[in-house]
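A.B. asks: Chain by chain, the residues:
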Amino acid sequence: MGSSVHLEIITRLKETFNEQITVESGTPSLLYLRIDAPLVRTLAEYVALQLEGRFITCVATDLRKEEGTFRLLHLFSLDKAKTFLGIKTDVNPSTAVIDSITPVIPGANWAERELKDMIGITAQGHPDLRRLILADDWPEEAYPLRKDFPFDYKPASVSGVAPGLKSPPASTTVLPLGSFHAQKEITTYLNLFVYGEKVVDADYRGFYNHRGLEKMGESAFTYHHIPFIAERICACCGFSHSTCYCQAIESAAHLEIPPRAKYIRTLLLEIERLYSHSLWLASLCNMEGFASLFLRCCSLQQDVLDLAQFLTGNRIIFDMNIIGGIQKDIPKDAQDRLPKLIDRIEGELKFAIEALKGEFLTFSQLKGVSTLPPTDVRRLCTTGIIARASGITVDARVNHPYAAYESLGFKPITRDEGDNFARVSLRLDEMVQSLTLMRESLEKMPEGEINLKVEEIPPHTDSISAVESPRGETVHYILTGENNRPLRWKIKAAPFSNLQVLPIMFRGTNIADARISINSIDPCFSCTEH
Amino acid sequence: MSSSDSLPSSSISSTPHLAPVKKAIACYHANIGACNGCDLEVCNLFSLSLLKKLPLEITLVRTVKNADVLLVTGSLSRPLVKRIKELKEMLTANKTIIAVGACAIDGGLWRKSYPIIGGIDKMLPVNYYLPGCPPAPDAILFCLESALVSKKKQFSPIIYKEK
Amino acid sequence: MLKLHLISELKEAFINLKDKKVEAPRPIKPPFPLPPLYKKMVLYEKKCIGCGACALNCPAQCIGVSDNKKYRVVEFQLTSCIYCGLCAEVCPVTAISFVPGNELPSPSKEHLHHELRIKLKRCEHCREIIGTTKVILKTVKDLFAPLTTRELEWVGLCSTCRRKLQSDVLIRQFTK
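Protein chains in written order, with the numbering used here: chain A, 1 to 530; chain B, 1 to 163; chain C, 1 to 176.
Calculated from the structure, these hints are not laboratory results. Wrong hints could be hidden among the right ones.
Stated by the list, open to error - The list that follows gives simulated cross-link-like pairs (lysine-lysine, PhoX-like), each with its CA atoms no further than 20 Å apart:
1) A:Lys444 to A:Lys82
2) C:Lys109 to B:Lys112
3) B:Lys95 to A:Lys154
4) B:Lys22 to B:Lys151
5) A:Lys444 to A:Lys332
6) B:Lys122 to C:Lys109
7) A:Lys65 to A:Lys147
8) B:Lys53 to B:Lys65
9) B:Lys22 to A:Lys154
10) B:Lys95 to B:Lys85
11) C:Lys47 to C:Lys109
12) C:Lys40 to A:Lys328
13) B:Lys53 to B:Lys95
14) B:Lys53 to B:Lys85
15) B:Lys23 to B:Lys85
16) C:Lys109 to C:Lys70
17) C:Lys46 to C:Lys134
18) C:Lys119 to C:Lys141
19) B:Lys88 to B:Lys122
20) B:Lys122 to B:Lys82
21) B:Lys122 to A:Lys147
22) A:Lys154 to B:Lys82
23) C:Lys141 to C:Lys69
24) C:Lys69 to B:Lys151
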């Protein structure tokens, strides 16, 4: 996985861009290329088209005190080579301008809007640079991620800077959905532009849940506090976030955690996936009007939570991850009692799947509705179930293996159609696969220690880690610093790139099916808006 | 509607004696910027009330005007101040407001962060505070019972001993 | 001994009755026996030595340690407690512990705010603060070997005064 694959990539790159790039390599799965600012767009286009790289996110760090520039990093993932690729460049802080890569890679749309909001770097050539993350009454020149902005400074309200929503195209009406959201009790605001009964376009104003976590991680918390904070980014995907952070720090400090900790992390990740999907299933049955199955799925949720309480002592937020492994061990009689509980949950789940597939409603509302072709999925760089339901195999458990998935022999499932029915069936199949994985990891769990003592984490080291959360691929990037806290912590949650799919998915859908289409991509707003 | 109300004696079907009807406690749940942990526990409580027989009858309603109790979760973030002002105009004086979870009491983990203003008591008058991250459904049920049924006034959440 | 124990228990029962402390019952029974949730916090006021380890380890930063003229004040703002248990693991005298049970509601925020005071010890020479009396007593008790009488004289001094006195003693020895 290491240098032979890297050498191939480096030789191909050097043929085209001979002297303009310098290569630095970090850990065995990470490769850095350093280039000057005006050439970033051509290099990004080459990586995306010739090397088949998938764009993840852009990270900007304020290094004016140490080196006098802003450091900008574009992260790509080369799936077949199982490696990450980063393009490093320096941006002049007085002008703070960079060429936008959105005309070439449409999936970078929201990432560049975030750059403008949080640190003030303008991407020239971007089609739509409205405010995305900060509140409607936040003043103009106050950029939170710069180092001279204190983390607890709350500026006064300013009027007249709110970003408007798009004006509707000719002869359409506007139908607002929100602001207490249709699927969960979360606030968002979605405007649908409707012509007759069919939806033509949509616009979105969200980020009511922004809590400023990245800034607090650099200024107020230390390394050992953050796993507990990261778990409270979102309750249904919290364990993936804390695992991702712990893995990033462990790879920066070159630690290898004991095998029992890896198997326990796998078990808890699958329990969280099962809980999140069973929440989604109850919500789907509620929306379709299938009330008796809704109650059955609620009972399934409570069974999964009781299982989690038996293993960890906590219901939704487990508080088990620390840097170096796991804090407390699972109970000693887990090997005997757990298989019966898993059998019971499997029985309930199979009953629910049979009942759902035998219903006429399922087919009329789901088949052929809101189709997403694979070309759109590749252009928008989505991951998770949306990509796998359109035929593209993208799964962080296979592309960047972590925990115990490689030794369990995991294989992802894909489908071809790309409509609502494909996404719904794929999620149901993944729930059954989760139960199999839980049984296997319980059988093969080795004895031994559960954590390592961590002495010191070396400063000024980059590292990156990816985890497959229930909604897609979550990536954390860390630049370690002094004072026992990170210098830059970047969270890229899975629904951030999934939500950009909404306007394209809605074309040709009826108004009555719009709620179910939103449900089938399963958005999670607290993850996106950290 | 007791059975001694006037019904003609020559009616074909005789209505049975009607039992007195008690109203279930109607709750409205508002999320003002949380991680969803407390929301999921509130939703779990209402699912459990449909699945098992709890000591207290509770239902979930979708508008504030029908509700007796307002369950608030999450810390107050800047963009939502406008919407809470609209909510406040719909409230009348005899509704109980319960702040569920550490974030609703005073902002929780994020109380010092730049987009967070604080807990819900900066805008609405709160009757009961329930700590926890997240509080279990048993604790939320106990809070509802002590707020509405037994109307206890004095509690001490943390025991501190002399030894 | 037994009488003192009984008296302290009675005092506790009286405080409980006066404040109407209650336990939250569990009406929702799980289908198989589960371990309980450890979400109730118990603080032992007299055991605290004022070392500040809990304040460094709390992720929510709800414990604050500050110094007065005479006392060290440890302030618990338990409105933001996330019940992770890190403070109980780190405390050297187990003054904080989490017991099975659920959090209880309260009608005002003052119930969630506690302050503990521990006496400060000042240097006998220069009157600077060196720590609390209880921290010094516990350190002396836990050392691996008992101190000699000459070493015990120096326990009540701050580090600069200790160095100054030792160097004075050495100078006197060498210039004799």
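A.B. asks: Given the proposed pairing of lysine 69 (chain C) with lysine 151 (chain B), does the C-alpha separation stay at or below 20 Å?
C.D. replies: violated, 43 Å
A.B. asks: Regarding the pair lysine 122 (chain B) and lysine 109 (chain C), is the alpha-carbon distance no greater than 20 Å?
C.D. replies: Holds, at roughly 13 Å.
A.B. asks: Taking only the CA atoms, is the gap from lysine 23 (chain B) to lysine 85 (chain B) under or equal to 20 Å?
C.D. replies: violated, 29 Å
A.B. asks: Does the alpha-carbon distance linking lysine 53 (chain B) and lysine 85 (chain B) stay inside the 20 Å limit?
C.D. replies: violated, 37 Å
A.B. asks: Take the C-alpha atoms of lysine 444 (chain A) and lysine 332 (chain A), compute the straight-line distance between them, and say whether it is at most 20 Å.
C.D. replies: Roughly 15 Å separates the two Cα atoms, so the pair holds.
A.B. asks: Hint check: lysine 22 (chain B) vs lysine 151 (chain B), CA-CA at most 20 Å. Holds or violated?
C.D. replies: Roughly 18 Å separates the two Cα atoms, so the pair holds.
A.B. asks: With a cut-off of 20 Å on the C-alpha distance, tell me whether lysine 88 (chain B) and lysine 122 (chain B) pass.
C.D. replies: holds, 12 Å
A.B. asks: Does the structure keep lysine 122 (chain B) and lysine 82 (chain B) at a Cα separation of 20 Å or less?
C.D. replies: Satisfied, since the Cα-Cα distance of roughly 13 Å is no more than 20 Å.
A.B. asks: Holds or violated: lysine 141 (chain C) with lysine 69 (chain C), Cα cutoff 20 Å?
C.D. replies: This hinted pair is violated, its Cα atoms lying about 26 Å apart.
A.B. asks: Could you grab the alpha-carbon distance between lysine 444 (chain A) and lysine 82 (chain A) and see if it respects the 20 Å cut-off?
C.D. replies: It is violated: about 26 Å lies between the C-alpha atoms, which goes past 20 Å.
A.B. asks: Mind checking the alpha carbons of lysine 109 (chain C) and lysine 70 (chain C) for me, to see if they're no more than 20 Å apart?
C.D. replies: Cα-Cα ~28 Å, so violated.
A.B. asks: Does lysine 53 (chain B) pair with lysine 95 (chain B) here, judged by a C-alpha cut-off of 20 Å?
C.D. replies: It is violated: about 25 Å lies between the C-alpha atoms, which goes past 20 Å.
Violated hints for the displayed structure, listed by number in ascending order: 1, 3, 8, 9, 11, 13, 14, 15, 16, 21, 23, 24.
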